[in-house]
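**Q** Chain residues, written in single-letter form:
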Amino acid sequence: MATAPVKRITDIGPPSYENFLHPVIKKNYGLWKYHENVAPGILCHVSETGDRIYTVRAGSPRLLSTHTIRLFAALADKYCDGFLRFTSRNNVEFLLDKKENIEPLKQDLHAAGFPVGGTNNAISNIVHTQGWVHCHSSATDASGIVKCVMDALYDHFTEEKLPAKMRIALACCLNMCGAVHCSDIAILGIHRKPPQVNNDTINKICEIPNVIASCPTGAIRTATVNGKPSVEVVEEQCMYCGNCYTVCPAMPLNDPANDGISIWVGGKVSNARSEPRFSKLAIPFLPNNPPRWPEVVNAVVNIVNVYVENARKHERMGEWIDRIGWPRFFDLTGIEFTRYHIDDFKNAGLTYARSAHIRY
Amino acid sequence: MATAPVKRITDIGPPSYENFLHPVIKKNYGLWKYHENVAPGILCHVSETGDRIYTVRAGSPRLLSTHTIRLFAALADKYCDGFLRFTSRNNVEFLLDKKENIEPLKQDLHAAGFPVGGTNNAISNIVHTQGWVHCHSSATDASGIVKCVMDALYDHFTEEKLPAKMRIALACCLNMCGAVHCSDIAILGIHRKPPQVNNDTINKICEIPNVIASCPTGAIRTATVNGKPSVEVVEEQCMYCGNCYTVCPAMPLNDPANDGISIWVGGKVSNARSEPRFSKLAIPFLPNNPPRWPEVVNAVVNIVNVYVENARKHERMGEWIDRIGWPRFFDLTGIEFTRYHIDDFKNAGLTYARSAHIRY
Amino acid sequence: MADKKYETPMLDELEKGPWPSFVKEIKKSTDISPACQDLLGVLEVSYEDKKNHWKHGGIVGVMGYGGGIIGRYSDMPEQFPEVAHFHTIRVNMPTGWFYTSDALRTLCDIWDRHGSGLTNMHGSTGDVIFLGTTTDELEPTFKDLTAAGFDLGGSGSCVRTPSACVGQARCEWACYDTLAACNDITQTYQDELHRPAFPYKFKFKFSGCPNDCVASIARSDLAIIGTWKDEIQQDDAAVAEYAASGLDIQKDVCGHCPSKCMEWDGQKLRISNRECVHCMHCINVMPKALRPGKEKGAAILIGAKAPIVQGALLASVLIPFVPAEELLDTIKELTSRIWDFWGEYGKNRERIGELIQRVGMANFLDAIGLDPVPEMVSAPRDNPYVYFKAEDKI
Amino acid sequence: MADKKYETPMLDELEKGPWPSFVKEIKKSTDISPACQDLLGVLEVSYEDKKNHWKHGGIVGVMGYGGGIIGRYSDMPEQFPEVAHFHTIRVNMPTGWFYTSDALRTLCDIWDRHGSGLTNMHGSTGDVIFLGTTTDELEPTFKDLTAAGFDLGGSGSCVRTPSACVGQARCEWACYDTLAACNDITQTYQDELHRPAFPYKFKFKFSGCPNDCVASIARSDLAIIGTWKDEIQQDDAAVAEYAASGLDIQKDVCGHCPSKCMEWDGQKLRISNRECVHCMHCINVMPKALRPGKEKGAAILIGAKAPIVQGALLASVLIPFVPAEELLDTIKELTSRIWDFWGEYGKNRERIGELIQRVGMANFLDAIGLDPVPEMVSAPRDNPYVYFKAEDKI
Ligand code: SRM
Ligand code: SRM
Ligand code: SRM
Ligand code: SRM
Ligand code: SF4
Ligand code: SF4
Ligand code: SF4
Ligand code: SF4
Ligand code: SF4
Ligand code: SF4
Ligand code: SF4
Ligand code: SF4
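For the protein sequence lines, the chains are A, B, C and D, in the order given.
All residue numbers for the first sequence refer to the numbering used here, where the first residue is 1 and numbers rise by one.
All residue numbers for the second sequence refer to the numbering used here, where the first residue is 1 and numbers rise by one.
All residue numbers for the third sequence refer to the numbering used here, where the first residue is 1 and numbers rise by one.
All residue numbers for the fourth sequence refer to the numbering used here, where the first residue is 1 and numbers rise by one.
Treat the hints as calculated values from the structure; they're not laboratory data.
Just so you know, not all the hints are guaranteed correct.
Dumping the calculated BS3-like pairs for lysine-lysine here, alpha-carbon to alpha-carbon at most 30 Å [claimed, not checked]:
(1) C:260 with A:313
(2) D:24 with D:55
(3) D:347 with B:313
(4) C:389 with B:193
(5) C:201 with A:204
(6) C:16 with A:161
(7) A:99 with A:26
(8) D:347 with B:228
(9) D:5 with D:16
(10) C:347 with A:33
(11) C:260 with D:260
(12) B:33 with D:251
(13) A:27 with A:78
(14) A:33 with C:294
(15) B:78 with D:260
(16) A:27 with C:229
(17) D:55 with B:33
(18) A:193 with C:201
(19) C:16 with B:161
(20) B:204 with B:228
(21) C:268 with B:313
(22) C:347 with A:193
(23) D:347 with D:201
(24) B:106 with D:288
(25) D:251 with C:268
(26) D:16 with B:161
(27) D:347 with A:346
(28) C:260 with C:229
(29) B:78 with D:28
(30) A:26 with C:288
(31) C:201 with C:251
(32) A:193 with D:393
(33) B:313 with D:229
(34) D:16 with C:251
(35) B:161 with B:228
(36) B:193 with D:201
(37) D:4 with D:55
(38) B:161 with D:260
(39) D:389 with A:346
(40) B:161 with D:251
Let the sequences and hints guide you as you build the complete structure.
**A** Written out as structure tokens, the structure reads:
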């Protein structure tokens, strides 16, 4: 007698968050009145009911082993009745109703190598992507650079000594998985050579019209190579976006000597004070120099330092630059202004300085 | 015996301005220290030397008969030792070294029908163009509307009761002869029907490829009509700019029922406070209703009134709208916001409100 | 930790320094799966070569789903056979990234059984990322996940895993219930999430207030940003306390108000709420004294995306304000109209934001049956190139 | 006034009202030329028909010149024979629109002899416009004009009549001598002004300070805008006087400073000149207390134009600062390089601003041999679509 097949479970979606809320949160849901910044990495939210919930935020490399997740779970059991969450920037937050648990939790975290911080006017965790660990598109690694940069900015995570919040993000290619394009500082992997067409396979594995249509600048045209239908790339029209490669594996554009990093500054997401905005190009190219990427680390640290020294309270990176102007930003940071800083894509004309508002 | 031909004089350029400078101006050239607004239309410039020059500014219809120019000349002789100038907005300025001459000059001007004013926070003369008086391109008249609007705003010329300067300009077609596109209020003649191709003449009088190339939206394509080479206009792609007509007389686009006026607001040229900027669409269409264009006059007067009532000191039209927001501008003026207000030309995407900065 | 299989001198450098090390994490996991050793191996090669060693992903998945798995193959399978296949599984996180320790351990158990033991907590879209397994393990992992009450997230041309800020669970500023809304939308669109049928991806993100802590305005096709319509709730005594405690209210609060609608005379703070653009700054600085108003709801913005293909876009205002009670219905009604239009007119790989750019906002509004309002634009057009419609002409 | 030839009930309405009437001006001129009667007649028809009655201008001119005359023919020549031809003559005004009464009368005499007696004082570009004459009268008018020391202005694809604000002749803020510069450029480019040889028109305008009283930034291909480099000259006693006389310095001056670089503590005004963007506002409001600095010169901006063809442009910064002494040489050197490039690469009817848009600022700078500086952009690019040049790659 055959056993009836187990009904396959699908389309159930995630378990409801309600199952995972701390009792104090459940009780005070929607009733929070205000919060206090207790210390770097420690928040206290106070409810209309008088209840308080404490948050201890710890930095994480995001790429976590199940060992570490189990460690977090154990700490949550020990101090938080098992309740914790992660943030939109991949930090882990322990939710406590007992103030006296804060210190021991902090110490346990510290002992395990996880810093507490990232709240208020600190540099929070770097939002980042897969890099060489997992993505075929990557022009650089992600986790490695993040590690090096955060090592250098560690004190800015555990202390709150910035004029305002600072959000750093990294994406390993122009697909920009993550809000890289709206970060105070964005670290972006870039290619600098056009795709090398694989004339042998392209006709078999890709739809050539799709490949041609994928190019934002129309750089790709049909070609016949060794009697086979293929494409060719007009080198001057290619800006190495990699969109053709996303569409077609026969268009790889990795090139170790020319792949590298660009640095972008002054973007933001929040609507606080000024409107959200894109980050703008600061450094067009820095080489990939693993394992510690000193050029990238120095560049980021330099920008952070100049910002910290010069910005006024409440000024995010971009707001500070608004006030002092881009010429002075380049001047203070010692970064060279080049032809590449001048936009030449679709709406380029709108970035030219069309006023006599000039600082000298 | 033939007389020797008189040598033809060419390329001499204009006579030097130096011949036409008042002696007090010559003496104090480059030495002016400050100025005072004596009264509407009256300026006093004071030199480092202590000398003073008085300016009396009078409004003019710009279209002047030689009779009137001779009248100005006579007044200049009577009160200014013959020295006068015109301004960049077509007012006439009498330059006096004797303060006591101001009043009699004012009276003579007034008697002749020329108002004194337009300085400081007044509405100065309307920069305008040819209209039906002289231009084949015109979608409306120029001088007629200007006359009607200035009649209605007369007191704003002779008094200084605005929060800031106000510049009104009119152009009779999209060629925009004059700084219409950067005016506090711009009155703009527009067409609303595609050109009517004259299939009989086009091939004779125009280069068809030039006609096709002239269209910013690519609305024109070749066609053969009655066996003759001609063009046809894709109606949906035509936005009635008239550029094809400028290039080719066989593409006229006048259409009395559909020609009319649009109103634009909030532009400025000066760098004072905010950067120079284009005027933005307020009213997409008002009919041509000669001889007094009541719809246009009312629209302009309404906008001026709402501005005067609501703007703060030193706020130009566009700066005031910056502060209160466009929704409230439409609200206060009672002007309807329509699909036409939403840009759909090249950089349209950059005009969408990309933030949660919203006023309710 | 299992025995070392490869020399990884470069990666070893990344175990140094105070910030927690992902290399340590990979090394820790070598006792879970041999794939971790080979991952270290191939990554070291990448560090030497300065390029990745992955091939363009193939189409792998679980039965009946078109998304949720990212196929990944090594381009050095002979040298690193354990990562020859190294697919990721996107597991839809609980809304707001809330967990109990038990729930986390459940996920760990499943992943230790079927995969590398490596994760991302979390992916940029918000999913739990199970990082690396073979094709064979996909279906069993899925079975265990659903049995435990979890499901996959999105990938491909479908609804992507929606995400929400912590919201009313722990934030005093949430103007609507982000968690409930996000969870509801996630459940409502399960079919669209798992079975790619769109021109391209579609992302929802829910932020409770204009601080936008899930970066919805930068990263989602439909961004729901909480806000309020009436006056900022103001506690004058608390304002005075801030002033007494040394806050320079003129400079630090009023001085940064983008709409210049605040006045402080040393005694009393006056807000012209009519001009307030709801930026949150004053509230952020004085959380004990100022709070969002009582008439709460959200603005709905549309069309954010990363640069590919036609350039990055921030989301733009579609509906300036929806009361909190009407929010879910409005989102669903709107979404269905948007998808109809996008499905019909969207080109392959054209996000909704790019489609709107292409056809123009006014035509888009016509198509989805919304009236234009001035809140949708930062300013009306400045060019006179207006296409008048036949019905508006004579 | 000559006898009335046509009934003009509509135009008569425009004699009413307080503002001076152009209809009166035309009527006044009927004793000068019969064309004025026919102009009234045809204009009345336009007012009835709601359209102009002019034909597309033909090519008419004076010997040896390609510009300066706008040909104009009526489309109702039988009805209005006196305006069958009704060409305008553009007479280059004296720089700054300065005149003596004698000079004006000289112009009037010439025009009464040869034309309608109607003028525009002045045209939008700045010329004296002699409004309406026949082809036959062009050459004689020109002869009389040159004999009297006047010459034609520009039209067609050439240098257009340059214009300048009143400048140092009567304005305390002029940072360079706009009249001298404008006059010099006008004289230097006489050939380019009279003989169209460019892809399209080219306009110079000279403003002595950022108030830009000739709207150069909106209307000229090369805009020369005076400014200063050092500190604003400040007279503290005069500042105190303004304060005493009731000016709210905090609100009216500092409050509108776009770079927020002014501080007023009730006693002393402090300007961070390093951040000042030279907008002129504070100086405009307190002319007795503040003045531009002593290190004077100008910024050179390029490329403004009206909407046709590709949309309107404001001029953009090309050289942030040139000392006053070097200004003329710099303009001329720059102009020749710009014209070389434009002549070679400009398409027919492509203004320099549009050409720069088309090829990109960086390529344009290469072509004219200028180094890029950050003052040229409002911000660096935000899209990552960078074309790296071969020499910068490996
Ligand atoms: C936990 C988290 C939401 C979540 O659901 O996970 C969160 C939580 C809070 N945010 Fe946030 N924000 C969180 C990501 C963000 C993001 C998104 C991002 O970084 O990608 C933004 C937009 C960033 C940007 O503009 O680029 C964000 C912009 C803000 C702001 C506006 C800051 C500004 O001045 O621009 C505030 C207000 C403030 O801090 O004054 C804010 C304030 C807060 C408050 C104080 C809200 C409250 O009353 O509880 C919370 C504690 C913040 C802190 O770190 O001090 N939160 N917050 C996120 C923590 C990320 C992390 O681990 O660091
Ligand atoms: C005479 C004239 C220059 C000329 O060579 O002809 C001139 C002369 C002066 N201008 Fe002007 N401006 C003249 C056209 C302009 C223009 C151009 C235009 O209108 O097309 C502008 C730019 C307008 C714009 O932004 O759209 C202009 C923007 C200014 C400003 C900046 C105003 C602002 O706040 O935006 C000032 C400063 C002020 O008034 O506070 C100014 C100030 C002045 C001063 C006070 C300069 C001085 O110290 O002598 C002069 C008297 C102004 C007055 O009317 O009260 N002038 N001024 C022009 C008179 C035109 C007229 O008849 O009304
Ligand atoms: C895993 C993840 C990065 C991470 O390390 O966190 C990721 C990884 C990839 N993304 Fe992404 N994207 C991820 C979040 C994002 C985000 C952020 C977000 O969703 O908030 C963005 C920017 C926002 C947006 O959607 O515009 C993003 C924009 C892209 C794009 C560009 C899309 C565009 O319209 O511009 C591509 C290219 C594509 O779709 O073809 C892309 C494509 C990819 C692919 C599938 C590579 C490809 O070309 O096929 C990557 C697979 C990597 C791998 O091997 O695992 N990924 N991708 C994120 C998803 C994890 C999760 O489910 O939680
Ligand atoms: C007479 C004048 C208007 C006025 O009443 O003052 C004028 C009149 C004409 N302009 Fe203009 N423009 C006049 C100043 C301007 C200005 C203002 C300026 O120079 O400061 C502009 C805007 C600034 C600019 O150049 O961008 C201007 C932008 C145009 C354009 C659009 C050019 C563009 O690049 O967008 C055209 C179309 C064309 O060139 O084909 C144009 C074309 C014309 C034509 C020649 C009509 C045509 O299509 O052939 C007009 C002849 C009218 C007539 O029958 O008399 N006119 N034109 C102005 C010249 C008088 C003078 O010499 O002083
Ligand atoms: S940013 Fe590019 S390389 Fe990095 S994970 Fe996303 S698609 Fe892959
Ligand atoms: S990389 Fe981008 S620009 Fe270059 S050919 Fe491919 S799609 Fe086109
Ligand atoms: S704006 Fe148009 S219609 Fe008016 S004068 Fe200029 S070209 Fe002619
Ligand atoms: S009017 Fe303008 S848009 Fe219409 S066909 Fe002519 S050039 Fe093209
Ligand atoms: S977006 Fe607003 S409501 Fe949500 S967590 Fe951030 S501050 Fe709180
Ligand atoms: S929320 Fe922002 S705009 Fe509104 S009053 Fe506060 S600071 Fe001003
Ligand atoms: S532009 Fe400046 S210098 Fe020239 S008149 Fe105007 S205010 Fe004076
Ligand atoms: S000139 Fe303008 S920017 Fe400079 S200090 Fe004065 S107001 Fe501020």
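**Q** Next, verify each hint and record whether it holds.
**A** Hints, one by one, checked against the model:
Restraint check: the Cα-Cα separation between residue 260 of chain C and residue 313 of chain A comes to about 18 Å, which is no more than 30 Å; the hinted pair holds. Restraint check: the Cα-Cα separation between residue 24 of chain D and residue 55 of chain D comes to about 25 Å, which is no more than 30 Å; the hinted pair holds. Between the alpha carbons of residue 347 of chain D and residue 313 of chain B the distance comes to roughly 46 Å, so the proposed pair goes past 30 Å and is violated. Among the hinted pairs, residue 389 of chain C with residue 193 of chain B is consistent with the structure: their alpha-carbon atoms are about 10 Å apart, no more than 30 Å.
Between residue 201 of chain C and residue 204 of chain A the alpha-carbon distance is near 26 Å, which keeps this suggested pair within the 30 Å criterion. At roughly 24 Å between alpha-carbon atoms, residue 16 of chain C and residue 161 of chain A fall within 30 Å of each other, so this suggested pair holds. Under the criterion of a C-alpha separation no larger than 30 Å, the hint pairing residue 99 of chain A with residue 26 of chain A is consistent with the structure, at around 18 Å. A threshold of 30 Å between alpha carbons decides the hint, and for residue 347 of chain D with residue 228 of chain B the separation of about 28 Å falls inside it, so the pair holds.
At roughly 20 Å between alpha-carbon atoms, residue 5 of chain D and residue 16 of chain D fall within 30 Å of each other, so this suggested pair holds. Proposed proximity of residue 347 of chain C and residue 33 of chain A is contradicted: the alpha carbons are some 47 Å apart, above 30 Å. About 13 Å separates the Cα atoms of residue 260 of chain C and residue 260 of chain D, which keeps this hinted pair within 30 Å; it holds. For the given pair, residue 33 of chain B sits about 25 Å from residue 251 of chain D by alpha-carbon distance, which is consistent with the 30 Å threshold.
This hinted pair checks out: residue 27 of chain A and residue 78 of chain A have alpha carbons roughly 22 Å apart, not beyond 30 Å. Between residue 33 of chain A and residue 294 of chain C the alpha-carbon distance is near 13 Å, which keeps this suggested pair within the 30 Å criterion. The hinted pair formed by residue 78 of chain B and residue 260 of chain D fails the criterion: a straight-line CA distance of about 49 Å is larger than 30 Å. At roughly 27 Å between alpha-carbon atoms, residue 27 of chain A and residue 229 of chain C fall within 30 Å of each other, so this suggested pair holds.
A distance of roughly 51 Å separates the Cα atoms of residue 55 of chain D and residue 33 of chain B; the hinted pair therefore is violated under the 30 Å criterion. Straight-line distance between C-alpha atoms of residue 193 of chain A and residue 201 of chain C comes to about 28 Å, which keeps the hinted pair within the 30 Å bound. At roughly 71 Å between alpha-carbon atoms, residue 16 of chain C and residue 161 of chain B are farther apart than 30 Å, so this suggested pair is violated. About 10 Å separates the Cα atoms of residue 204 of chain B and residue 228 of chain B, which keeps this hinted pair within 30 Å; it holds.
Simply put, residue 268 of chain C and residue 313 of chain B have alpha-carbon atoms about 23 Å apart, close enough for the 30 Å limit, and the pair holds. For the given pair, residue 347 of chain C sits about 28 Å from residue 193 of chain A by alpha-carbon distance, which is consistent with the 30 Å threshold. Distance hint between residue 347 of chain D and residue 201 of chain D is fulfilled; the C-alpha atoms sit about 12 Å from each other, no more than 30 Å. With a C-alpha separation of about 27 Å, the suggested pair residue 106 of chain B and residue 288 of chain D falls inside the 30 Å cut-off, and the hint holds.
Under the criterion of a C-alpha separation no larger than 30 Å, the hint pairing residue 251 of chain D with residue 268 of chain C is consistent with the structure, at around 18 Å. Pair hint residue 16 of chain D plus residue 161 of chain B holds up; C-alpha atoms about 24 Å apart against a cutoff of 30 Å. The straight-line distance between the Cα atoms of residue 347 of chain D and residue 346 of chain A is roughly 20 Å, inside the 30 Å bound, and the hint therefore holds. For the given pair, residue 260 of chain C sits about 18 Å from residue 229 of chain C by alpha-carbon distance, which is consistent with the 30 Å threshold.
Taking the CA atoms of residue 78 of chain B and residue 28 of chain D, the gap is about 23 Å. The hint holds against a cut of 30 Å. For the proposed pair residue 26 of chain A and residue 288 of chain C, the alpha carbon gap of about 22 Å is at most 30 Å, so the pair holds. The suggested pairing of residue 201 of chain C with residue 251 of chain C is violated, with an alpha-carbon distance near 44 Å, which exceeds 30 Å. For the hint pairing residue 193 of chain A with residue 393 of chain D, the CA-to-CA distance comes to about 8 Å; that is within 30 Å, so the pair holds.
A distance of roughly 29 Å separates the Cα atoms of residue 313 of chain B and residue 229 of chain D; the hinted pair therefore holds under the 30 Å criterion. A hinted pair counts as satisfied when its Cα atoms are at most 30 Å apart, and residue 16 of chain D with residue 251 of chain C does not qualify at roughly 55 Å. For the given pair, residue 161 of chain B sits about 62 Å from residue 228 of chain B by alpha-carbon distance, which is inconsistent with the 30 Å threshold. In summary, the hint linking residue 193 of chain B to residue 201 of chain D is supported, as the alpha carbons are separated by about 28 Å, within the 30 Å threshold.
The hinted pair formed by residue 4 of chain D and residue 55 of chain D meets the criterion: a straight-line CA distance of about 26 Å does not exceed 30 Å. Among the hinted pairs, residue 161 of chain B with residue 260 of chain D is consistent with the structure: their alpha-carbon atoms are about 27 Å apart, no more than 30 Å. In summary, the hint linking residue 389 of chain D to residue 346 of chain A is supported, as the alpha carbons are separated by about 19 Å, within the 30 Å threshold. Taken as a hint, the residue 161 of chain B and residue 251 of chain D pair is honoured in the structure, with Cα atoms around 19 Å apart against an allowance of 30 Å.
Checked against the numbered hints given earlier, this structure breaks hints 3, 10, 15, 17, 19, 31, 34, 35; the rest are met.
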